[in-house]
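Protein chains in written order, with the numbering used here: chain A, 9 to 236; chain B, 9 to 236; chain C, 9 to 236; chain D, 9 to 236.
If you are wondering where the hints come from, they were derived from the structure by calculation, not from laboratory data.
These numbers come from a predicted model, not from an experiment.
Watch out, some of these pointers could steer you wrong.
Since the list gives no way to pick one copy over another, a pair counts as held whenever it fits inside one copy or between any two copies.
[Claimed, not checked] Once the Cα atoms are required to be at most 27 Å apart in a straight line, the calculated BS3-like pairs of lysine-lysine come out as:
| id | residue 1 | residue 2 |
| --- | --- | --- |
| 1 | K102 | K143 |
| 2 | K143 | K230 |
| 3 | K102 | K230 |
| 4 | K104 | K143 |
| 5 | K32 | K104 |
| 6 | K143 | K32 |
| 7 | K230 | K32 |
| 8 | K32 | K102 |
One letter stands for each residue in the lines below.
4 protein chains.
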Amino acid sequence: MQDWNELFSQEELDIYDTAGFGRKSGIGRRPALLVIDIQYRTVGTRRLPIREAQREFPTACGERGWEAIDALQPVMRLFRARGWPVIYAYVAPKAKTDGGRLAQKVPAIMDIPPAGYEFVAELAPGPSDILIPKKHPSAFFGTALTSHLIDLGVDTLVVGGCTTSGCVRASVVDAFSLNFRVVVPAECVYDRTPTPHRANLFDMAQKYADVMPTEQAIAALKALPEPA
Amino acid sequence: MQDWNELFSQEELDIYDTAGFGRKSGIGRRPALLVIDIQYRTVGTRRLPIREAQREFPTACGERGWEAIDALQPVMRLFRARGWPVIYAYVAPKAKTDGGRLAQKVPAIMDIPPAGYEFVAELAPGPSDILIPKKHPSAFFGTALTSHLIDLGVDTLVVGGCTTSGCVRASVVDAFSLNFRVVVPAECVYDRTPTPHRANLFDMAQKYADVMPTEQAIAALKALPEPA
Amino acid sequence: MQDWNELFSQEELDIYDTAGFGRKSGIGRRPALLVIDIQYRTVGTRRLPIREAQREFPTACGERGWEAIDALQPVMRLFRARGWPVIYAYVAPKAKTDGGRLAQKVPAIMDIPPAGYEFVAELAPGPSDILIPKKHPSAFFGTALTSHLIDLGVDTLVVGGCTTSGCVRASVVDAFSLNFRVVVPAECVYDRTPTPHRANLFDMAQKYADVMPTEQAIAALKALPEPA
Amino acid sequence: MQDWNELFSQEELDIYDTAGFGRKSGIGRRPALLVIDIQYRTVGTRRLPIREAQREFPTACGERGWEAIDALQPVMRLFRARGWPVIYAYVAPKAKTDGGRLAQKVPAIMDIPPAGYEFVAELAPGPSDILIPKKHPSAFFGTALTSHLIDLGVDTLVVGGCTTSGCVRASVVDAFSLNFRVVVPAECVYDRTPTPHRANLFDMAQKYADVMPTEQAIAALKALPEPA
Numbered sequence: 009m010q011d012w013n014e015l016f017s018q019e020e021l022d023i024y025d026t027a028g029f030g031r032k033s034g035i036g037r038r039p040a041l042l043v044i045d046i047q048y049r050t051v052g053t054r055r056l057p058i059r060e061a062q063r064e065f066p067t068a069c070g071e072r073g074w075e076a077i078d079a080l081q082p083v084m085r086l087f088r089a090r091g092w093p094v095i096y097a098y099v100a101p102k103a104k105t106d107g108g109r110l111a112q113k114v115p116a117i118m119d120i121p122p123a124g125y126e127f128v129a130e131l132a133p134g135p136s137d138i139l140i141p142k143k144h145p146s147a148f149f150g151t152a153l154t155s156h157l158i159d160l161g162v163d164t165l166v167v168g169g170c171t172t173s174g175c176v177r178a179s180v181v182d183a184f185s186l187n188f189r190v191v192v193p194a195e196c197v198y199d200r201t202p203t204p205h206r207a208n209l210f211d212m213a214q215k216y217a218d219v220m221p222t223e224q225a226i227a228a229l230k231a232l233p234e235p236a
Numbered sequence: 009m010q011d012w013n014e015l016f017s018q019e020e021l022d023i024y025d026t027a028g029f030g031r032k033s034g035i036g037r038r039p040a041l042l043v044i045d046i047q048y049r050t051v052g053t054r055r056l057p058i059r060e061a062q063r064e065f066p067t068a069c070g071e072r073g074w075e076a077i078d079a080l081q082p083v084m085r086l087f088r089a090r091g092w093p094v095i096y097a098y099v100a101p102k103a104k105t106d107g108g109r110l111a112q113k114v115p116a117i118m119d120i121p122p123a124g125y126e127f128v129a130e131l132a133p134g135p136s137d138i139l140i141p142k143k144h145p146s147a148f149f150g151t152a153l154t155s156h157l158i159d160l161g162v163d164t165l166v167v168g169g170c171t172t173s174g175c176v177r178a179s180v181v182d183a184f185s186l187n188f189r190v191v192v193p194a195e196c197v198y199d200r201t202p203t204p205h206r207a208n209l210f211d212m213a214q215k216y217a218d219v220m221p222t223e224q225a226i227a228a229l230k231a232l233p234e235p236a
Numbered sequence: 009m010q011d012w013n014e015l016f017s018q019e020e021l022d023i024y025d026t027a028g029f030g031r032k033s034g035i036g037r038r039p040a041l042l043v044i045d046i047q048y049r050t051v052g053t054r055r056l057p058i059r060e061a062q063r064e065f066p067t068a069c070g071e072r073g074w075e076a077i078d079a080l081q082p083v084m085r086l087f088r089a090r091g092w093p094v095i096y097a098y099v100a101p102k103a104k105t106d107g108g109r110l111a112q113k114v115p116a117i118m119d120i121p122p123a124g125y126e127f128v129a130e131l132a133p134g135p136s137d138i139l140i141p142k143k144h145p146s147a148f149f150g151t152a153l154t155s156h157l158i159d160l161g162v163d164t165l166v167v168g169g170c171t172t173s174g175c176v177r178a179s180v181v182d183a184f185s186l187n188f189r190v191v192v193p194a195e196c197v198y199d200r201t202p203t204p205h206r207a208n209l210f211d212m213a214q215k216y217a218d219v220m221p222t223e224q225a226i227a228a229l230k231a232l233p234e235p236a
Numbered sequence: 009m010q011d012w013n014e015l016f017s018q019e020e021l022d023i024y025d026t027a028g029f030g031r032k033s034g035i036g037r038r039p040a041l042l043v044i045d046i047q048y049r050t051v052g053t054r055r056l057p058i059r060e061a062q063r064e065f066p067t068a069c070g071e072r073g074w075e076a077i078d079a080l081q082p083v084m085r086l087f088r089a090r091g092w093p094v095i096y097a098y099v100a101p102k103a104k105t106d107g108g109r110l111a112q113k114v115p116a117i118m119d120i121p122p123a124g125y126e127f128v129a130e131l132a133p134g135p136s137d138i139l140i141p142k143k144h145p146s147a148f149f150g151t152a153l154t155s156h157l158i159d160l161g162v163d164t165l166v167v168g169g170c171t172t173s174g175c176v177r178a179s180v181v182d183a184f185s186l187n188f189r190v191v192v193p194a195e196c197v198y199d200r201t202p203t204p205h206r207a208n209l210f211d212m213a214q215k216y217a218d219v220m221p222t223e224q225a226i227a228a229l230k231a232l233p234e235p236a
């Protein structure tokens with residue numbers, strides 16, 4: 009599901025190449041890990057194929073999500089070992105005043121049972137992690153995330169979670185616009201189905217982020233010097 | 009190029025349907041037209057196939073852009089006839105201090121000749137239109153656009169221009185997050201190649217906007233009552 | 009405490025007059041009431057002079073706050089009677105990751121006991137009011153307030169609460185910048201001491217808001233037509 | 009004009025002290041100089057008392073502004089000698105679509121002649137300085153300033169310019185909310201009259217910034233280590 013270029017014809021890839029997209033941003037000196045929406049409502053409480061997982065939570069991505077959770081574990085361990093910041097952006101249970109456009113486009117999102125909002129145990133936040141409740145796709149929109157990143161001196165965001173075509177994409181565009189370097193380890197983000205996943209990995213790789221195999225991201229992060 | 013569902017398998021479409029996405033936001037009472045990046049650098053100065061247009065400006069979309077400009081003309085005429093606000097978001101020539109991530113991911117964007125920044129004559133702004141120079145994908149990011157829309161009492165944005173997978177998408181996500189209703193007349197937005205165009209129309213239609221044929225958008229707008 | 013002009017010399021007032029400041033914004037058609045930080049930490053649990061109230065919560069404003077709560081009651085009743093939106097911006101209990109500049113400038117703010125964060129019973133939110141937890145002076149900064157106001161079609165904010173020189177001032181400047189009309193009923197906002205209160209009423213009246221006696225604000229609001 | 013505490017009674021100062029305000033943020037490692045609205049419209053083209061300067065531009069502050077320009081010169085020289093970023097926020101000439109609340113509160117601001125928008129020659133921007141045109145009080149509102157500061161790795165803003173009670177205050181509150189450290193060299197900011205100047209220096213010193221004599225700010229900045 010990570011070979012996103014397969015979705016595009018060679019002519020399409022040539023046109024992008026001529027346009028000059030897809031260069032590298034690189035990694036800075038001070039990374040933070042941004043974990044987006046890894047809650048049971050996006051994977052289900054058990055590791056099941058998506059069509060079965062959707063019987064529990066219609067918004068669940070099923071086993072594609074669980075595979076991303078597996079892939080994200082060693083990234084998380086590295087951040088914890090180095091003492092780099094770990095930030096959880098997540099959707100808090102909805103108040104009845106939280107309607108707006110979201111309730112119109114996706115009314116099912118207003119009725120998720122409380123258990124769906126819990127963090128997935130395998131990647132649950134620790135006591136010194138930063139929690140960013142959000143009401144919109146981007147983890148930056150209407151939140152204190154920018155203020156936290158400036159306070160921490162972060163220059164690079166490593167992004168995992170879901171969905172590739174929703175909150176991950178929206179957060180990556182805002183991080184790019186704010187001039188943070190962005191790394192997306194491709195196996196660490198997930199979506200409901202392969203086409204939006206691939207198409208959005210492509211868009212992010214061409215324009216906003218360095219999208220790379222998780223193994224390569226881990227190696228690059230390990231090569232960063234210890235803070236003085 | 010507008011039949012974006014062709015890009016997805018039936019199983020993908022079923023999964024989205026089960027998740028409950030893709031409902032309608034509808035149109036409010038006070039629309040504004042947001043025209044994004046319709047400058048010669050995104051189409052070229054002549055109506056040519058993209059590979060030829062890229063010889064003039066590597067970032068040009070060529071005839072796909074010109075077709076969108078054709079499609080947008082009657083929408084623009086309707087807005088002008090009704091006296092509804094017309095807003096142009098566009099990229100201003102780069103200063104050498106405008107580097108950041110954009111210069112890293114797409115260095116070619118820093119060297120566009122001045123003629124590329126001119127508005128396309130067929131859809132040039134009039135004297136009472138609002139001009140929003142921008143430096144980032146979203147027309148809302150780092151601009152006064154939200155303040156203008158609040159001042160004008162706008163509740164609905166009709167979006168045309170380019171690229172579907174870049175500035176249009178980013179602007180639509182922000183408009184949705186701000187609780188504006190968003191209409192994307194599908195033929196009025198354009199991109200370099202069909203796959204990102206379709207994939208982003210799909211994402212927007214599922215989550216953020218009412219994407220519809222231009223003819224249908226015009227009919228819905230014409231049905232709005234005259235302002236009191 | 010409301011005669012803020014007494015703080016200024018006649019020459020100062022003349023200079024401002026020559027500069028052309030202090031004209032009226034007026035009231036629109038769709039007001040919302042923004043109640044800022046009316047929690048026990050800002051007044052104390054009993055109606056006491058400020059020096060005594062500060063023994064309970066060092067940040068309390070004491071009886072000046074209670075007088076503003078009295079003054080705000082009829083404004084609140086009018087909003088509830090008309091069904092206009094009522095929005096509470098407030099500070100939520102601090103997490104240990106909420107440090108930053110605030111913890112440096114005002115370390116005492118990190119240690120307020122839980123009871124201090126409760127809403128004052130006399131003006132507590134009702135079930136359909138909108139709650140906006142915030143971490144910064146402005147009710148707009150890092151919150152969904154703008155999105156709520158756009159969704160509700162609000163064009164005018166009536167602001168009460170505290171402190172005049174802190175969160176009220178910061179919120180009013182942002183509301184002004186977003187092009188909302190702003191009304192500050194002078195007796196409905198409070199501060200620790202008279203000078204910053206008066207100086208900030210003056211700044212707001214000159215540049216950002218229509219500051220007026222509460223009675224006059226109520227009369228102007230009552231004159232608004234019932235929504236169709 | 010810098011002894012702002014003279015504006016307050018001892019009881020007021022005691023109340024603030026009990027509340028726990030006014031501690032230090034300190035200076036970080038990477039400062040930038042933010043110069044706000046130093047244009048002829050805010051001082052006049054000649055060094056005159058304010059009442060005379062207002063005959064040229066009603067919004068001019070006159071000699072108080074010129075004294076601040078004098079005080080800012082050695083700060084600017086230090087930033088240039090060290091190669092630290094210098095950023096100019098300024099008001100660009102108004103378009104007729106730039107109305108909104110500003111045009112209502114301060115209609116005179118819509119009619120400033122072009123010469124009033126020019127930078128004061130004594131402190132004009134150099135070729136590598138960053139220019140931030142703005143339409144609202146805060147240099148952050150609707151601008152790319154945050155993105156520039158993140159790109160440059162800035163952690164501390166030193167602020168000069170005008171007015172203390174207007175754009176300086178609004179910019180300092182936003183910088184504080186974003187978790188930048190803020191230093192205001194007191195003689196380097198100016199206003200029309202002494203009372204708002206002092207009252208806003210007090211508010212900023214108590215809550216948002218380290219306000220100090222310019223000489224002390226220069227010494228602290230000189231003590232910063234050269235970048236590696």
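Right, here's what the structure says about each hint:
1. K102 with K143: Classified as both: same-chain Cα gap 8 Å, cross-chain 20 Å, threshold 27 Å.
2. K143 with K230: neither (33 Å within a copy, 33 Å between copies)
3. K102 with K230: neither (39 Å within a copy, 33 Å between copies)
4. K104 with K143: both (13 Å within a copy, 22 Å between copies)
5. K32 with K104: Intra 43 Å, inter 19 Å, cutoff 27 Å: inter-copy only.
6. K143 with K32: between (31 Å within a copy, 19 Å between copies)
7. K230 with K32: within (18 Å within a copy, 36 Å between copies)
8. K32 with K102: This pair counts as between: shortest inter-copy Cα distance 20 Å, intra-copy 38 Å.
Checked against the numbered hints given earlier, the structure breaks hints 2 and 3 and satisfies all the rest.
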